[in-house]
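Student: Bring the two chains, given one by one in their own frames, into a single complex with the hints.
Order-wise, the sequence lines are chains P and X. The working numbering applies: residue -9 is where the first sequence begins, and numbers increase by one. The working numbering applies: residue 52 is where the second sequence begins, and numbers increase by one.
These are calculated hints, taken from the structure and not from any lab test. Note that this is a predicted model, so its numbers are computed, not measured. Accuracy of the hints is not assured; some may be wrong.
[Said to hold, decoys possible] DSSO-like, lysine-lysine: derived pairs with alpha carbons at most 30 Å apart: (1) P/Lys432 x X/Lys392; (2) P/Lys432 x X/Lys65; (3) P/Lys438 x P/Lys38.
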Amino acid sequence: MKLLSYFRGEAFQRGVHPPSCKLTADRPIRRLPFAPRLVVPLSQHIGKPSRPIVRVGEEVVRGQPIAEANGWLSVPQHAPATGVVEAIELRPSARGPWTESIVIRVYEASTQEVLWGAPQDLDAFPPQDIILAVQRTGMVGLGGAAFPSHAKLSVPEGASVETLVVNGCECEPYLTCDHRMMVEHARDLMVGIRHAMRATGASRAIIGVEDNKPEAAAAMRAALPPGGNVFVEEVPTKYPQGSEKMLITALFGVEVPSGKLPLSLGMIVNNVGTLAALGRLLPAGQGLVERVVTVTGPGVGRPGDYRVPLGTPLSFVLDYAGAPASVANDSRQVILGGPMMGQAIASLDVPVTKGVSGVLVFRGEDMAAREGRRTYPCIKCGECVESCPMGLNPSMLGMLALRREYDAMGGQYHLGDCFECGCCTWICPSNIPLVQQFRVAKQILREKAAA
Amino acid sequence: MKASVEIRSAPHIKGPRSVEQIMANVVYSLLPICAFFVYQYGLSAAASILVVTAACLLTERAFVRTGTQAGSLSDFSATITGLLLALTLPPGFPLWMGAVAGISAIALGKALFGGIGFNVFNPALVGRAFVQAAFPAAIATYTPSFLPGRFTEFIPSSLAWPLMAPADTAAWLKAMQYDAMASASPLARWKFEGFVTPAWDLVTSLAGHMAVGPSPLLIVLCGAYLALRRFMDWRIPVAVLGSAGLSALIIYAAFGTKYPDPFFMLFSGGLVLGAVYMATDMATSPVTPRGMWLYGGLIGVLTVMIRYYSGLPEGVMYAILIGNAATPLIERVTQPTPFGKGASIHARKSASYTMHPDYISREEASAKTPKKRFLKNKPKKT
Ligand code: SF4
Ligand code: SF4
Chain P
-9 MKLLSYFRGE AFQRGVHPPS CKLTADRPIR RLPFAPRLVV PLSQHIGKPS
41 RPIVRVGEEV VRGQPIAEAN GWLSVPQHAP ATGVVEAIEL RPSARGPWTE
91 SIVIRVYEAS TQEVLWGAPQ DLDAFPPQDI ILAVQRTGMV GLGGAAFPSH
141 AKLSVPEGAS VETLVVNGCE CEPYLTCDHR MMVEHARDLM VGIRHAMRAT
191 GASRAIIGVE DNKPEAAAAM RAALPPGGNV FVEEVPTKYP QGSEKMLITA
241 LFGVEVPSGK LPLSLGMIVN NVGTLAALGR LLPAGQGLVE RVVTVTGPGV
291 GRPGDYRVPL GTPLSFVLDY AGAPASVAND SRQVILGGPM MGQAIASLDV
341 PVTKGVSGVL VFRGEDMAAR EGRRTYPCIK CGECVESCPM GLNPSMLGML
391 ALRREYDAMG GQYHLGDCFE CGCCTWICPS NIPLVQQFRV AKQILREKAA
441 A
Chain X
52 MKASVEIRSA PHIKGPRSVE QIMANVVYSL LPICAFFVYQ YGLSAAASIL
102 VVTAACLLTE RAFVRTGTQA GSLSDFSATI TGLLLALTLP PGFPLWMGAV
152 AGISAIALGK ALFGGIGFNV FNPALVGRAF VQAAFPAAIA TYTPSFLPGR
202 FTEFIPSSLA WPLMAPADTA AWLKAMQYDA MASASPLARW KFEGFVTPAW
252 DLVTSLAGHM AVGPSPLLIV LCGAYLALRR FMDWRIPVAV LGSAGLSALI
302 IYAAFGTKYP DPFFMLFSGG LVLGAVYMAT DMATSPVTPR GMWLYGGLIG
352 VLTVMIRYYS GLPEGVMYAI LIGNAATPLI ERVTQPTPFG KGASIHARKS
402 ASYTMHPDYI SREEASAKTP KKRFLKNKPK KT
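Bound conformation, chain X alone (with noise of 0.2 Å):
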């Protein structure tokens, strides 16, 4: 036998998912919302876009090549932070200020935990916690969506010099006839005013100039994308919405008119997009189904009683944040239960058979057997 005959352990076939498909499909599902962000905001958004991704991208190259990690640029896992980094800035937010993002997203909420898989935090969280922090002022400084001419001309905080502090976006806004509160994001304006923007202009984002980002319902249709291809897990985002408006029910039947309505809370600010697509971020969520919806549950408890109680606007990152540092806690408490060793060791109602026959078939005439809940023609997986 002179042909050479190899050795492998089995299993010796291999499913067809991958790392880069999954994280290809995400950016995939993320384009869409990108295309409407620019939609609203023209060249400020799409220049943000680029550059805080870009700013992902080099940095993460950096970090690949001085091997300390694992990961590459082609599983695409930097694009998604730098996409999802952008999509949470506000639109004019200025371009140099939004590299130092994307820097320290990966820096710090990637590369210092040892690359793709490792880290603890949702990078694009982080890189926005970090600006956050460094800029308070620029990233409260919202403008109104659907500007006349913002196709042709930037916003003129977006081209702020590195270092310097960007422009006054009130007086240009004043300038243009708009007033500046039209520039408060939704959130702000019922924190500070008592405004309540209705739900259904939240929801699709198209009601004229509001400072908001891209529609929530065109996040849950791209979600939804993921999570029937199964790139995503339904659970968290289910139970992000669901623990967040039911806490949300919860407080306005109690104290009314005090706080809005449980739909706006649902809408506004970056709830949609943080459920759907920071807190089911892979590797920052537990990997258990019953910890899904634990960590889920809590981020959106947490969501709703960080705006409501504290002096911040918006509570979604620190939420999201504050259960990825619970994660690990919560894997911990929700292991699986191993086959044999649960409740279902006795037998379910209804399965075909029973377990001692005393009689010994289901098509006996007198025997009081479950009826089969079995599809007919179910689809076949070839």
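Chain P extracted, bound-state conformation (with noise of 0.2 Å):
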């Protein structure tokens, strides 16, 4: 089958096929109710925390930016009900620290609406303004790694982009938020992404779907823009396919350099839910207040997926999608993201943020059959090596982690172009915690290399 794909010469060599466990994929994205108290952190994204710019006491509509960009990788928040700021203090985050966050009080009778925001033609914008106005949206990647989306889409000085990307794949089990967005919101990212073009400069973009989405590739083809340089282009569906390089590699059968950015080759790649939600905000005026996040897993009753007002504990989340905490009294699981790279958090108060794509929740007895599995020395199999999509060798790392010889494994053995996708983790039949090892191997090196 490997050899049949790198003929094909569609997918990235390796990687693997977890059972895709997608519950909601059918099931129209609705919207949750607002929670009485909504914590709208002020570091939602990868760079400065922003600055607020209300007082404790003011009143907040719905769309209202209530914190600044601090600047140029920064974003602004935008108040996601119509409130009054109860408090800015520290509140749990889901990494663990205590951030800055502004707790807004929701005003029940109020009906809710986005009031903010003036209608802009963006048509007549310089590109430069079309980045200064993405910004002014508070928009991050929306896939998980909240970046500023600004910051993505700006082209560097000297550097030149002909293709945009635009990564529909979600190949994360049990994630199918992007899936309803690309089915609901076809036309919406239509937008987005003839905004993001002329933002970056590119003359074609192509959206990359996992074959196993049919009607998301559908629904692109019927709203595909007249003028023929936008393409819905299906890949096959295997994990990781959504990481930008692996998605690069199937579209254009070509491996980014290591240790560079897919900007080395002419492209940018952009998140379909991003860019819907981009192709909605933009036109408006308006800001991010609300994502769509699959709330799924074994553990949850009415799985599917919500839009959500960002700043919503996810103690209410659960408890609206039939994940009560009350009846769990045993253990379980609650993990924000995929189940491959998703990180497991320690309370429920903690609030849904920008890059949250998902919530899941396993109960005790899903997991009791992976913490029953005793745990082999490496025998060796090589199936990590096999599926390693980097082309590393786990199996030597593994034992080299076990000896702590972190230098060899930086050096020799290349792991930092460890992307922890989790691929060996999980094939590996003798149950050993490889990229968990790793991420302690990097983060130790990342010391070394401070110190």
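Tutor: Here it is as structure tokens:
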């Protein structure tokens, strides 16, 4: 099979096929009600935290900016609901440390319409101004990276972009929010693509969709603008197809040189969810106040894709989706993001932020099968080598990690290229926590380099 | 929030594959081969398989109990060692010597290195090498297959008392009116007599009284099952058999009749069993795909060289042991090329889109883009 797919020239090599478990692929996106209190962290993105521009006690209208960008690599925040600012204080975040957040008490009687924002005619804007307009929306990569979108769309001096690659792969099992966006908001997506192409100067856009979502591809094909410079391309379903570099390999048959960005090949990659949201917000001149989140997993009674106001506490989301905290008095695991790369969280007070694409709940019994597996020494079966998309040798890296030979891992065995996709751990029959060891090793190497 | 929330590190799901599953499947695939072996040689073969496997399991058990090593009985790896070891021994091999082989296989071949995954040499071959050195006469004594009465009567040498020399099978055979030559293995007959057994007889192992192991055809079929379910890597057997066949062919073409034809080389002796089940032992073969080719190629060439140019009729065992020893070195020189560091940073011709849009798409009329080779309706994994 591997050989075949190589000769087809259509996919990256290696990778794995975890069961897709897309329980919610056929359900339309629904709206989540407003929680009584919303917590908007000032740092929901990569870069500097925003600066609050409201005071405690101030009334805010849904969509009104409540924090401004603090420098270039930063975005503003908008009030996700009409209400009153109750506090600006430290609140728990998904990563652990408490961060400065704006707490809004929601007016129950409000209609919660977005009343802020002035329509703008982007087609009259020069590219530079489109990028500023993107920054004003507060948009970040909705696929999970949460990198500010305007920074991603701006082409540095001396580089040129020919192709806008739109990433609709959604290779993580369980997640379907991008899928639903493509099906339901194909038009918005095309608008977003048009503006993104103008902003970057790209002459064509290619949307890559995994071939397990034919209806998404069909919906987007139906919405394609005239002019013929936007294409929808199905790529093989395989994890981690949704990684930028893997998608580029599938589309162009070329590997992005190690240590370089897709920009070096004249490409910029954006997520479909991001561009679809931009396509709606940009013409209206509004800010990002909600996002689509897949709430799913065996521990959720009513799984689905929900349009969640940013800042909604997870406990509220889970209550609504049928995974109330009070029932689950046994242990369970709540994950932000997908099951392969998502992050387990310690507290359900954590709010939904811009980068949260999914909330996954596993019950105790779902984890039991995995917990019961014993770990053997590496039997050198070579499965990990054949599944690492980056072409590393996780078996060797794992053995070096046991012996704490971190320098050899980083140097001779290219640990720096590992992007923690988790394929090796997923496949390992000996149940060795390979990628977990690699994370530790990378952290140690980073600390060494900083020292 | 009273509910307890657990924290783990991604990935949060796990593939179905486990060591137990792999090992159990190897055992299943060995069962038909063992059955064929018993069909060929009757009671003695069955007893030999049982005793050797039991010796392996007991030894493993003893070492696991000392707590010095990973692994357990339930991982089936000692069972595999036992079955394979029994298949490489002559069917009439004295049972007590078989037990010695089993014990030394696990103790010297595996436990000494730290148990499952840490062994450098294939334990079954270590066991065999040990008894080959200890009992050179007994291990060279083969009996013909399909003897009448094989299901009711032991080959006399099987039942030798511990530490006693086994009974003389030649005399026993003579009494049964078989000439001694039928009890020499085809490789020995070629080496010492110049007699080349027809290849097809070797492939099926069914042609009358021959001193051969289970049918290579059956072994290949069982191996194919494993390879298809990806419990074994297909590259190694292909590389071993390919390189052995190729080097035998070259020598045959160059020196003609002095050497047997490549088919005889491929199907005689333990080459197929070695290529499919011994060389592919995971712990002792390279993990890197290129390394597997190199390792298999090395074993194939070495086998032919040892068979042709040494005093021994059979060379598979030593070839594999040498291959095992070379594995760390092979791995070091065949590390996979990381993504974005190899030759494929240049675009493949067959890609859907060109990198830089001199034309915008492959749909454009004048564009000369390669045809898309994409299987329609290909099977989906769920
Ligand atoms: S998958 Fe696990 S057991 Fe197999 S070679 Fe890799 S680390 Fe070793
Ligand atoms: S986590 Fe790293 S080493 Fe493991 S498969 Fe992914 S890229 Fe390779």
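Student: Going through the numbered hints above, which ones does this structure break? Give me the numbers in ascending order.
Tutor: none
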